[in-house]
Amino acid sequence: MNVKRFFDKHMGFFLMSPTIAVMVLIIIVPLIIGLVMSFFNYNLLTLHRGIPFIGFSNYSKALGDENFWMAFWNTLWWTAANVAGQVALGLSIALLLNQPVKGVGIYKALILIPWAIPSAVAALSWMWLLHPEFGLVNDIAVRLGLVSEPVAWLGRPLTAQVWVVIARVWKEFPLSALIFHAALQTIPKDLYEAAEVDGAGVWKRFWNITIPYLKSSIVVAITLITIWTFNSFNMIWVMTKGGPGGATEILATSIYKTAFQRYNFGFASSQSILMVIFLSAIIIFYLYRVEGKKID
Amino acid sequence: MYLSKKKRIRRALLVHAALFVLTFIILLPVLWMILTSLKPTAETLKFPSTILPENPTFQNYLAAWRNMRLGTYFVNSLYVSLMTTFVAIVLGCMGGYALARFRMKGEKAYLMFILVTRMFPAVVFLIPFFIMMRNLGLTDSFTGLIISYTVFSLPFSIWLLRGFFRNIPSELEEAARIDGCTRAKAFTRIILPLSAPGIAATAVFCFILAWNEFMFANTLIMSDSKRMLTVALVASISDFLVKWNELMAGGMITTIPVIIFYLFMQKYITGGLTEGSVKG
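Each protein sequence line maps, in turn, to chains C and L.
With positions in the first sequence counted from 1, the corresponding number in my numbering is that position plus 528.
With positions in the second sequence counted from 1, the corresponding number in my numbering is that position plus 118.
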């Protein structure tokens, strides 16, 4: 058997092995290192004193830490608000785009723009919109008489919480709009017409035709948005760094601070692994329910 | 059509009006970014604001490019993004093709694994990566950043490319093989040209993934001259006096390449993103 034929016969193996090697090196190895680090007091500031093994101490410290739980609840609220906002806005836009009306294609291209903007740039442009002295939001609010003088929107806990959610919903909703729009297009148009002839009103048509057809894509959208929002970091980090006073501190920003501002890598690792454990239920649901069917 | 003409026109007007208003509100932050980028500094410091620039100027773009050194950062981002794309596409084509055409043990488990890694929070990788890169002397280096971006772009490109390759009927290859082609030849002569649009779409996604990234770039690069574009922009708001007009011009410079790509790639976006599960 010559070399060429040997290569030909085992081509699958030759093609797969480089990607598997790379995946092991850059994904499996770091995950193992992270896991191992979480059992050590790995602190860059006290490296000269060695890296003592401390068992589950990092974990028990995290689980008993008030700040950790505050970040946890903030993350849940942040995620829930994002899911609600993105699904509602995405669905409304998708329904409008799906109307049998000429010339709506241009809107489909335009609403995609926020999603194309790098999140760091989007966060900066929202900071400018919300600027405490010269921001457009203050300008509009003053003109409309909603506030008597400019407000530092990102400087107060409650308004900061609301605005970071608005900013991220604005940035991310186009994806769910596209998912819903694609699903809506699979609904046969004559179904609506028949229902209308039979005298079914707008709401009845929506509940009895649209929603059943959309059900599975709504499940997909909610699951994905939940995972992405739970993991997200950029918008909050740039806009508030978790402030003011921890009001917008989510797990991702809090862990980042533990690692790269306090250099406590062991503690940060254990928290990041707890984060994965919290997420695992929804990841398993997603794989089982949504993707399991597609992989064959 | 069962609807009367009058009713149809009324409905069309309503839909257009609703979409127009919504789209306008949605694009307002972008419009404001554009308008601000065209205003002289004094005008940005007015309250109430001038809506349209009174003395529109492109000076901010020049200032951002030169004074904020965005020219350097643009080249940095371009280099890292192109290299990330190259690595992801070469390895992704190999892996994606193997997964599409050969029966292998553990194939399903491997695909599941690829999906799962896309759902882990980035900090889970960032923390060990920082330590690894530090020990390998790869912090503050483009190579280190490119390697770390492969964590996200490779699973994504394998997944997407596998889908594109599977859509090409294997009979085409079999016919070529009967005519005496080796597998490698059949791949380069038949599969690659037919899947070119899919490969291009995947490449664009990988490029944008790297171009837009912030967290790793913010952590693994320390020296000022090696910064990525997104990091450089964010860093400039800690300056004592932020020039928002120049910053918005910088934002536009960072965004325009991506938007151009997106408008071309529109039809691939839904499928590509929900399947490959890119982070937001």
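Treat the hints loosely; a few may be bogus.
[Unchecked claim] Simulated restraints, written as ranges between beta carbons of each label pair:
{"no.": "1", "chain 1": "L", "residue 1": "Gly224", "chain 2": "C", "residue 2": "Trp735", "range": "42 to 52 angstroms"}
{"no.": "2", "chain 1": "C", "residue 1": "Leu553", "chain 2": "L", "residue 2": "Ile378", "range": "50 to 60 angstroms"}
{"no.": "3", "chain 1": "C", "residue 1": "Leu591", "chain 2": "L", "residue 2": "Leu132", "range": "45 to 55 angstroms"}
{"no.": "4", "chain 1": "L", "residue 1": "Met230", "chain 2": "C", "residue 2": "Ser545", "range": "54 to 64 angstroms"}
{"no.": "5", "chain 1": "L", "residue 1": "Asn185", "chain 2": "C", "residue 2": "Thr714", "range": "45 to 55 angstroms"}
{"no.": "6", "chain 1": "L", "residue 1": "Ala353", "chain 2": "C", "residue 2": "Ser545", "range": "53 to 63 angstroms"}
{"no.": "7", "chain 1": "L", "residue 1": "Pro287", "chain 2": "C", "residue 2": "Leu815", "range": "41 to 51 angstroms"}
{"no.": "8", "chain 1": "L", "residue 1": "Arg221", "chain 2": "C", "residue 2": "Pro740", "range": "32 to 42 angstroms"}
What the hints contain is simulated information worked out from the structure, not anything from laboratory work.
Note that this is a predicted model, so its numbers are computed, not measured.
A virtual CB, placed ideally from N, CA and C, is assigned to each residue, including glycine.
Right, here's what the structure says about each hint:
Between glycine 224/L and tryptophan 735/C the beta carbons are some 44 angstroms apart, a value that agrees with the proposed interval 42 to 52 angstroms. The given range of 50 to 60 angstroms is broken by leucine 553/C and isoleucine 378/L, whose C-beta atoms sit roughly 34 angstroms from each other. Between leucine 591/C and leucine 132/L the C-beta distance comes to about 54 angstroms, which sits within the given range of 45 to 55 angstroms. Checked against the given bound of 54 to 64 angstroms, the beta carbons of methionine 230/L and serine 545/C, roughly 19 angstroms apart, lie outside it.
Separation of asparagine 185/L from threonine 714/C is about 52 angstroms and conforms to the stated range, judged on CB atoms against 45 to 55 angstroms. Alanine 353/L and serine 545/C have their C-beta atoms about 41 angstroms apart, which leaves the hinted 53 to 63 angstroms range violated. In this structure the hint that proline 287/L and leucine 815/C lie 41 to 51 angstroms apart at CB is violated, the actual value being about 29 angstroms. The given range of 32 to 42 angstroms is respected by arginine 221/L and proline 740/C, whose C-beta atoms sit roughly 37 angstroms from each other.
Of the numbered hints stated above, those contradicted by the structure are hints 2, 4, 6 and 7, listed in ascending order.
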